[in-house]
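Q: Kindly generate the complete structure, drawing on both the sequences and the hints.
2 protein chains.
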Amino acid sequence: MKILVTGAAGFIGSNVVDAFLAEGHEVTGYDNFSTGRLEFLESARHSERFTLLEADLEDRGKLNAAVAGRDLIVHLAANADVRFGTLHPRKDLDQNTICTWNVLEAMRQGGAGRIAFSSTGSVYGEPEVFPTPEDAPFPVQRSLYGASKLAAEGLICAYAEAYGMEAHIFRFVSLLGERYTHGHVVDFFRQLRDHPDRLHVLGNGKQRKSYLHVGDCVRAMRMALEKARGKVNVFNLGTDEYCEVNDSIGWICNLLGVSPTIAYGGGERGWIGDSPFIFLDCRKIRSLGWKPELRIKEAVELTVRYLQANPAVTA
Amino acid sequence: MKILVTGAAGFIGSNVVDAFLAEGHEVTGYDNFSTGRLEFLESARHSERFTLLEADLEDRGKLNAAVAGRDLIVHLAANADVRFGTLHPRKDLDQNTICTWNVLEAMRQGGAGRIAFSSTGSVYGEPEVFPTPEDAPFPVQRSLYGASKLAAEGLICAYAEAYGMEAHIFRFVSLLGERYTHGHVVDFFRQLRDHPDRLHVLGNGKQRKSYLHVGDCVRAMRMALEKARGKVNVFNLGTDEYCEVNDSIGWICNLLGVSPTIAYGGGERGWIGDSPFIFLDCRKIRSLGWKPELRIKEAVELTVRYLQANPAVTA
Chain A
542 MKILVTGAAG
552 FIGSNVVDAF
562 LAEGHEVTGY
572 DNFSTGRLEF
582 LESARHSERF
592 TLLEADLEDR
602 GKLNAAVAGR
612 DLIVHLAANA
622 DVRFGTLHPR
632 KDLDQNTICT
642 WNVLEAMRQG
652 GAGRIAFSST
662 GSVYGEPEVF
672 PTPEDAPFPV
682 QRSLYGASKL
692 AAEGLICAYA
702 EAYGMEAHIF
712 RFVSLLGERY
722 THGHVVDFFR
732 QLRDHPDRLH
742 VLGNGKQRKS
752 YLHVGDCVRA
762 MRMALEKARG
772 KVNVFNLGTD
782 EYCEVNDSIG
792 WICNLLGVSP
802 TIAYGGGERG
812 WIGDSPFIFL
822 DCRKIRSLGW
832 KPELRIKEAV
842 ELTVRYLQAN
852 PAVTA
Chain B
542 MKILVTGAAG
552 FIGSNVVDAF
562 LAEGHEVTGY
572 DNFSTGRLEF
582 LESARHSERF
592 TLLEADLEDR
602 GKLNAAVAGR
612 DLIVHLAANA
622 DVRFGTLHPR
632 KDLDQNTICT
642 WNVLEAMRQG
652 GAGRIAFSST
662 GSVYGEPEVF
672 PTPEDAPFPV
682 QRSLYGASKL
692 AAEGLICAYA
702 EAYGMEAHIF
712 RFVSLLGERY
722 THGHVVDFFR
732 QLRDHPDRLH
742 VLGNGKQRKS
752 YLHVGDCVRA
762 MRMALEKARG
772 KVNVFNLGTD
782 EYCEVNDSIG
792 WICNLLGVSP
802 TIAYGGGERG
812 WIGDSPFIFL
822 DCRKIRSLGW
832 KPELRIKEAV
842 ELTVRYLQAN
852 PAVTA
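From first to last, the protein sequence lines are chains A and B. Using the working numbering, the first residue of the first sequence is number 542, and each one after it goes up by one. Using the working numbering, the first residue of the second sequence is number 542, and each one after it goes up by one.
Simulated from the structure, these hints should not be mistaken for laboratory data. Warning: the hint list may mix true and false statements.
Intra- or inter-copy, both count: the list cannot distinguish identical chains.
What the hints assert, rightly or not - In the DSS-like style, the derived pairs of lysine-lysine whose C-alpha atoms are separated by at most 30 Å in a straight line are: (1) 603 x 632; (2) 747 x 772; (3) 543 x 772; (4) 603 x 543.
A: Shown next, in the form of structure tokens:
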């Protein structure tokens, strides 16, 4: 297949690129390098089947040219900065919703028929059903990030219906692993590197979250793309477990050999719009034969080891 | 209260303006007159408590000035042209989603804290539960119109959470009544006026739809605004019944005294993204004490009489 990956130089994007190259596909990476890192594409760039385009999704001329003739668009580019959404209330709309429309419109005009999209468990808001299935009760949005991803999902579904496209929508829990660059593990790692004796934690530490290793995530996406061929295919991607932030702190401190004094910001939520409990029902993707190879504790530990081995990421 | 109504010169907007003026409020109408009609505001313009602003929601300077200091924003302006959405795939995003963001951002900057929003039963896509309640299973969008309204709902909820606003989201069935300007009754009325012997019907005529008279709708909105004071208040607004398109054709033909030959376009849906069955569960709004005064048949007949008495509307 000829595959275009947007956000190709990001955490998930670069892992997706490597996986598709390993399968023998022809892959074009599209990234504006606002947060992407060229070094994440180091191995990809050794492949003759890989092309890199440095461009923004707001540059519709370049986007249209990149999309035309592809068999599959894996649209991962996004503002993934959930926590500070309220400080720049237009950013999620621009980068996550309108840029997704740009991708869809380029597909329509260029005759590209398949899209895979990285959505988020945040679209469930603060659900009342746990684990939360794909057909959970109609959610109320709590964050600009979640709202922007929900809006993008809606556009993708409407385009699939109107213009005969095929869509795969993946609602991720938080991902961990190689090339991880933001989130609580990086935050704690940085803090403990700079002052091993103290750790500041947002919220009360009792937030319950689910995590998935990026390798397991990419395997799940590839399996869904191969086996689920409806018009709109929505999948939760996560593990069948969750942990408290405090559990994660324990694993990280243990690995780093530190015993910091912990100061909690307080409150059930880490920030406005944070969901105090994320735990997705993943029976649908499991029914295709996938299951995660790594547990949350292992994924956290691998991430810490990756950050230790790659100091440039947290420099 | 000081109330701003966007889309004030439209079908629903002008009815809302009249109702709030009758209650003694100070009302500013905002409309770009792309589809609004000045004559719908004829009685409003006799009130000293009414001000009309001719402006576009894309003109953020004018919008910000209009929003600042209002107690309530009733945001009804929208592209309501559901049927031809696939011909102009950016229009719903621009007019329904991004313009809603403009309104929310004007509210945030101007310190306005309450918004009422006209959403649609189309956000349920093609539901599997009938009548469809507000917390129906997470829907898959089928139309650009539905997707754009869902996106607007998400933005409203996220703003309510992030910036302490109060939101009322109303998911309407199709409305009928005075100042109705588009939809199947106008379409059939026009056709039968021009050639009483034949009628072209989209789909197979068996589409099941629910309708609500605009007067009942406006009463429901006012009641919800008064009695439901949560952060986000979502209400379906409809009648506890539905009819087939063929039923409606019978009532209209009977009233007009015509017996046309009917040609069906065929298929379950009137157009791409049309939902063949819309029937909303309205127990939530009914629990506040509201109930519709008019049945669907009466609403259709009143609409035909209105169109007969106001030939300019279908000129």
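Q: Now tell me if each hint is right for this structure.
A: Checked hints:
In this assembly of identical chains, the alpha carbons of residue 603 and residue 632 lie at most 30 Å apart whether taken from the same copy (21 Å) or from different copies (22 Å). Only between protomers do residue 747 and residue 772 lie at most 30 Å apart by alpha-carbon distance; the minimum there is 25 Å, versus 39 Å within a single protomer. Taking the closest pair of Cα atoms, residue 543 and residue 772 come within 30 Å of each other only inside a single copy of the chain (20 Å); across copies the shortest separation is 47 Å, beyond that limit. In the homo-oligomer, the alpha carbons of residue 603 and residue 543 lie at most 30 Å apart inside one protomer (17 Å), although the nearest pairing across protomers, at 47 Å, exceeds that limit.
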